Amino acid sequence: MTRILARRELRSYFDSPAAYIVLSLFLLITGWFFGNALFLENVASLRNLFGLVPVIYLFFVPALTMATFAEERRSGTIELLLTMPVRDWEVILGKLLAVTSMLAIALGLTLIFALTVASFGDLDFGATFGGYLGLLLLGLASTAIGLFASSVTRNQIVAFILGFALLFFFFMLDKATFFVPGWMAGTLEYLSTDFHYQNLLRGVIDSRDIIYYLSLTTFFVLLTGYNLARRAD
Amino acid sequence: MIEVQGLTKNYGPERAVDNLSFSVNPGEVLGFLGPNGAGKSTTMKVLTCYLPPSEGTIKVDGLDVRTDSLAIRQRIGYLPESTPLYQDMATYDYLGFAADVRGVAKADKTRRIAAMTDVCGLGDVLGKPIHALSKGYKQRVGLAQAMIHDPQILVLDEPTSGLDPNQIVEIRDLIRSLGEEKTVILSTHILSEVQASCDRVLIINKGRIVADGTPDDLMASATGGQRIRFGVQQGAANVGDTLAGWGHVTIQDQQIDGDTVLYTLLSDAPDDLRPALFRFAVEHGWTLTELHRDQVNLEDVFRQLTTA
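Order-wise, the sequence lines are chains A and B. Adding 1 to a residue's 1-based position in the first sequence gives its number in the numbering used here. Adding 1 to a residue's 1-based position in the second sequence gives its number in the numbering used here.
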């Protein structure tokens, strides 16, 4: 059931210009920075790419998730969907799967850059694998946050802004340690999405980082489920 | 087939549906009639398992909406008010999606879509995106998705709203023909609609049932009488007094139209009074020019029950 719902969701991205705009912009931006390093500085490295994508996520993930629940509520299709024989959580997982797949497709396209690096210079396979794994997990958790933002409102713009604000908050947490007392710094770091991403980027696959992203995803999926169960119009 | 017992639904402090009880028999076409905001849509939303009931029980085929929600949804086809469809999908894709979600077996899918295309007359628009369709076609796509899994029960919330008169007739005919084998619950605030398509009517006002019966029953019971126009050629003496003395009617109005005096008579009698009036006129040697009984229509009933 989740697959059926995800397939419809993905199709609707590809039936409209949305998917193509998002994917080409994604490639354009990442390609620009990668190409600059390659051609101007003679550096064949994925470091720029991996540094950039989390920032791109801040805008792209809310853009992909803003319609998910807000638009279904505004147009009333949510009522028809939820009177079909589907469970609420199947609807949420379907949308989570669809948006994460879009991100995976976008990331898949950037493998071209990885291949380029591998052919020109030394590709650090450990760090590259860690980086892509981190981006996937970060994408998954960001999507869950975006879905939650979309589930609190009928207005897509509000959903986008709220989604961006939440993602930005989690992204910036570990950069705010300077402003809080020392005993809070560790907690703040642990809660930050970027902190765990930087860990994975070093090529060290630590289960704590993976568990963090999966917990964050679960937490926001549950919150979304709570919102959906309220059946607010 | 459907048993509703003491259904109450609150939205916060507001009570949308208040202690509603009714049952629907298999093969019945039941019409919910009521002014806007009477609780028709809310009742349907609870029945289709979109909203949980605040109090009371609803059983469909013996299954409870609270515990067997998925099994009930499988048995029901629902068309919400305003026909919410995924606008950017093509009709064919949308029906395919509805078939998948509603659990139509892969082997039957193409056959079911073809059957629905046929029944709902969608042959010309299968490849078009839904947002490009006219309101009438959208409504038919909505009906098609509701029936794609061949459910025994159809719940249609204002299926003809926003359609032009020709489309209304088409949709009504469609509902009529569906009602021959399926249980249909439809809501409307258009009175002629229930007369045209329903076996039974529930009139709902402020969340309560104010009347329950066939359209004919309701019309007969509501005014509890009849209004008769009675014309006598001028020259007959004491018509008014004689009629008043007869005891069966009261004179509401009288006016002179050319050489005829027109009386408007009211009576509590349940039977048609015209034959008796005719004989009464003959006995007194009056020359009748007009004898007409006003049909009490559902509109009178509706207004009487929902404005009190």
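No lab work stands behind these hints, which were simulated from the structure alone. Computed from a predicted model, the values in this text were never measured in an experiment. Honestly, I wouldn't trust all of these hints.
A few chain A residues that face chain B, going by a derived Cβ cut-off under 10 Å, partial list only [unchecked claim]:
1) Leu81
2) Thr84
3) Met85
4) Thr178
Built from N, CA and C at the ideal position, the CB exists for glycine as well.
Tested hints:
no.	hint	result
1	Leu81	holds (5 Å)
2	Thr84	holds (4 Å)
3	Met85	holds (5 Å)
4	Thr178	violated (43 Å)
Hint 4 alone, counting from the list given before, is not met by this structure.
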